[in-house]
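Letter by letter, the chains look like this.
Protein chains: 2
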Amino acid sequence: MALKSFIEVHPDSHFPIQNLPYGVFKPEPASPARPGVAIGDYVLDLSVVASAGLFDGPVLKNNSDSFLQPDLNKFLALGRPAWKEARAMLQKLLSATEPALRDNAALRQKALVPLSKVEMLVPISIGDYTDFFSSMHHAKNCGTIFRGPENPIPANWFHLPIAYHGRASSIVISGTDIVRPRGQGHPAGNSPPYFGPSLKLDFELEMAAVVGPGNELGKPVDVNEAADHIFGLVLMNDWSARDIQAWEYVPLGPFLGKSFGTTVSPWIVTLDALEPFACDAPKQNPPPLPYLAEKISKNYDISLEVQIKPAGQENSSVVTRSNFNHLYWTLTQQLAHHTINGCNLRPGDLLGTGTISGPEPESYGCLLELTWNGQKPLSLNGTTRKFLEDGDEVIFSGYSKGNGYNVGFGTCSGKIIPPP
Amino acid sequence: MALKSFIEVHPDSHFPIQNLPYGVFKPEPASPARPGVAIGDYVLDLSVVASAGLFDGPVLKNNSDSFLQPDLNKFLALGRPAWKEARAMLQKLLSATEPALRDNAALRQKALVPLSKVEMLVPISIGDYTDFFSSMHHAKNCGTIFRGPENPIPANWFHLPIAYHGRASSIVISGTDIVRPRGQGHPAGNSPPYFGPSLKLDFELEMAAVVGPGNELGKPVDVNEAADHIFGLVLMNDWSARDIQAWEYVPLGPFLGKSFGTTVSPWIVTLDALEPFACDAPKQNPPPLPYLAEKISKNYDISLEVQIKPAGQENSSVVTRSNFNHLYWTLTQQLAHHTINGCNLRPGDLLGTGTISGPEPESYGCLLELTWNGQKPLSLNGTTRKFLEDGDEVIFSGYSKGNGYNVGFGTCSGKIIPPP
Ligand SMILES: [Ca+2]
Ligand SMILES: [Ca+2]
Ligand SMILES: [Mg+2]
Ligand SMILES: [Mg+2]
Ligand code: NI
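So the sequence lines, in the order shown, correspond to chains S and H.
Each residue of the first sequence is one higher than the one before, counting from 1 in the UniProt record's numbering.
Each residue of the second sequence is one higher than the one before, counting from 1 in the UniProt record's numbering.
Just so you know, these hints were derived from the structure itself, not from any lab.
The reader is advised that the hints may include incorrect statements.
Unchecked claim - According to the in silico footprint, chain H covers these stretches of chain S (three or more CB under 8 Å from chain H):
| # | stretch |
| --- | --- |
| 1 | 241-254 |
| 2 | 316-326 |
| 3 | 344-354 |
Stated by the list, open to error - If you want a taste of the chain S side facing chain H, the calculated C-beta under 8 Å gives, among others:
| # | residue |
| --- | --- |
| 4 | Arg-102 |
| 5 | Ala-105 |
| 6 | Asp-128 |
| 7 | Phe-133 |
| 8 | Asn-156 |
| 9 | Ile-162 |
| 10 | His-165 |
| 11 | Ser-169 |
| 12 | Ser-170 |
| 13 | Arg-182 |
| 14 | Gly-183 |
| 15 | Gln-184 |
| 16 | Ser-191 |
| 17 | Gly-218 |
| 18 | Ile-340 |
| 19 | Asn-341 |
Unchecked claim - Okay, the calculated beta carbon distance ranges per label pair:
| # | chain 1 | residue 1 | chain 2 | residue 2 | range |
| --- | --- | --- | --- | --- | --- |
| 20 | S | Pro-99 | H | Ala-30 | 19 to 27 Å |
| 21 | S | Pro-70 | H | Phe-146 | 41 to 49 Å |
| 22 | H | Thr-384 | S | Val-250 | 31 to 39 Å |
| 23 | S | Pro-29 | H | Gly-175 | 57 to 65 Å |
| 24 | H | Thr-384 | S | Pro-361 | 51 to 59 Å |
| 25 | S | Ala-311 | H | Ala-293 | 48 to 56 Å |
| 26 | S | Pro-152 | H | Trp-372 | 29 to 37 Å |
| 27 | H | Arg-108 | S | Pro-29 | 43 to 51 Å |
| 28 | S | Pro-152 | H | Phe-146 | 51 to 59 Å |
For every residue, glycine included, the Cβ atom is placed at its ideal position computed from N, Cα and C.
With the hints as extra help, turn the sequences into a complete structure.
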């Protein structure tokens, strides 16, 4: 019989007892932030659970202050033994057959807060944010658009998971408005650059790994041990201003075209919850160098969808459907590569996958690809889009389909507002 | 008469009463870290000064816990009024004519710690680190080496201060050994990449601005107000593995070629201390776009020098002499550009200038330029170098020469050790 909670969870919910994703929230605007897990339409307040002495396993009983923090970093640093212990305890505590919380009305009242009432926050303190470029379809499409169909994918791409450092300060939680960036663009030819609000504002459909225990400077992580350094995944929108990016990125890479805002979903779904949806990663040819060759090369079957809701419209329109399993480089290869030079990761670091495009045009992960750089406008419920317009709300969602339940990420959304 | 301290300061010292640079130190290995200013051969412990109630000006009397912190971030966030107040108070406290500290043996004993006895730490908590590319000579040399002498400087370079996001986690304090990074390189032609310790390890002579008050996401900083967001400068060595960098950097910029370590000097020299050494920045042609056009365009006359001390040699050899005033883009233009898209800066952010090369070959800021990518080895006291070898210690120093005193940065050094 499937695991079931005493809390009623709709079969379509992203947050059944099989999931238990972690976030940080405020029950009231003036309350301190604290960690929680989502269950059905509720958040279970982990500061209440910890204060009630319910984290009584061998690792967490000495570390229950991990849940009396305004972010998850301390819990992340404890590593997989602590995560497994917390998951087992919380699944038991929330199960239909366990009376400890189910039959304690006072504790339930304090510990379970309706999701509709809470404010969600960025759940981690992010020391460094890195963005990879791991979808071959995305690399190929961008290369074709900018450099033509001959050799669209750079020679290094098949040998290493390419990445750049992103901006940590401007990572915001789902629901935060995004101010259209201003900056320089450059028309074709020899004209001087222009300045103004971006004319090619785009989303990028990504997911991001949240780093658990880090590594010491100078000590790389073995690719076969890299999974122990990954706590879970979030949805991520790497908003991108294509005109700013195109003019600035030679030779040092994207900078202001990306740094004006990056949106993450509030809920971190753990690798443990995603394990039933693990699948083989694509075969890599050429074979990777030994430091990237892993014994088990895993992807996850996570359905992803992007909707756009223009200002004043009642309904949003689906603009793409993709899947995490389209990625060529795995999360563990990304992490091992990141540290092979000795670079140190820290708990709470964020590793974006890069835009997750699939092979079909309906599965491309950004408007640059979907509209082929504005040449083929998308039709959106009576209107059209080449790039994002002011008032557009972009809504990502993602979930894995189990037998009678979903393990989902909820949504990751943001609305474009004009610059002041 | 020149300002003089009751503490004897040698005329060659970098740390006379005219300087008073800020750092963070531990007086004993087990003591908590705390802020200090350098004066002659001593550190003045600001936690002792604060606890003695000596920060009694209008801003700091309510914020004296700024000096009871393990980093300078709280003090940085207070802004220039607090910085000016602290500087005036400390110059008075340390002056030859002021008895408060001079004649209080017990307080002197607690507050003044010999520099030779303390451990210096990275003085700020760095949320984000950005590296610019602001020396035209460096841009021209790199472009010529990699793309040839026709149009060596990319078209965008004269229109915007190009930059990329760097890695914050691997920023270390002067004196920390640097592990030679391993990674992929690529021989010429169509051969597959190789893997191993970097064969082209280099330094980059840079300085970096330390951000004071930040700005809100979505609210750019005006270029004419940007100076109020800069606390001061440090020396910075942006260690670079040229073979790793060359293979990985297309199309997203430098990543593992830079992220294995970046060394900063322990002392932050304030812009207030550097003001007497301000000079005109170079005339910019083409004129910058209005958001980068500033009323006063300032550089600083700071002499910079790099020495290399090979393993087993008694003496180090000077390999280059440059000056901060060779920069084309000013610090304030860099900061204004960084925020023009709405990107938020936070107190303690670090903005590297990029390699500071001057026009003459003896003033180039890295071995890539000095040896022309290994084609012209440098001679070093009986041995030669194309790139850095294991055991090489690289020592930066920098100072501005006043009338009878120096305002200096001390040194910024690191030794290369082989990978484990
Ligand atoms: Ca991206
Ligand atoms: Ca640099
Ligand atoms: Mg972004
Ligand atoms: Mg570096
Ligand atoms: Ni239903």
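Hint check:
no., hint, verdict
1, 241-254, "holds (count 10)"
2, 316-326, "violated (count 0)"
3, 344-354, "holds (count 4)"
4, Arg-102, "violated, 43 Å"
5, Ala-105, "violated, 42 Å"
6, Asp-128, "holds, 5 Å"
7, Phe-133, "holds, 6 Å"
8, Asn-156, "holds, 6 Å"
9, Ile-162, "holds, 6 Å"
10, His-165, "holds, 4 Å"
11, Ser-169, "holds, 5 Å"
12, Ser-170, "holds, 6 Å"
13, Arg-182, "holds, 6 Å"
14, Gly-183, "holds, 5 Å"
15, Gln-184, "holds, 6 Å"
16, Ser-191, "violated, 11 Å"
17, Gly-218, "holds, 4 Å"
18, Ile-340, "holds, 6 Å"
19, Asn-341, "holds, 4 Å"
20, Pro-99(S) x Ala-30(H): 19 to 27 Å, "violated, 49 Å"
21, Pro-70(S) x Phe-146(H): 41 to 49 Å, "holds, 46 Å"
22, Thr-384(H) x Val-250(S): 31 to 39 Å, "holds, 34 Å"
23, Pro-29(S) x Gly-175(H): 57 to 65 Å, "violated, 47 Å"
24, Thr-384(H) x Pro-361(S): 51 to 59 Å, "holds, 57 Å"
25, Ala-311(S) x Ala-293(H): 48 to 56 Å, "violated, 35 Å"
26, Pro-152(S) x Trp-372(H): 29 to 37 Å, "holds, 33 Å"
27, Arg-108(H) x Pro-29(S): 43 to 51 Å, "holds, 50 Å"
28, Pro-152(S) x Phe-146(H): 51 to 59 Å, "violated, 22 Å"
Checked against the numbered hints given earlier, the structure breaks hints 2, 4, 5, 16, 20, 23, 25, 28 and satisfies all the rest.
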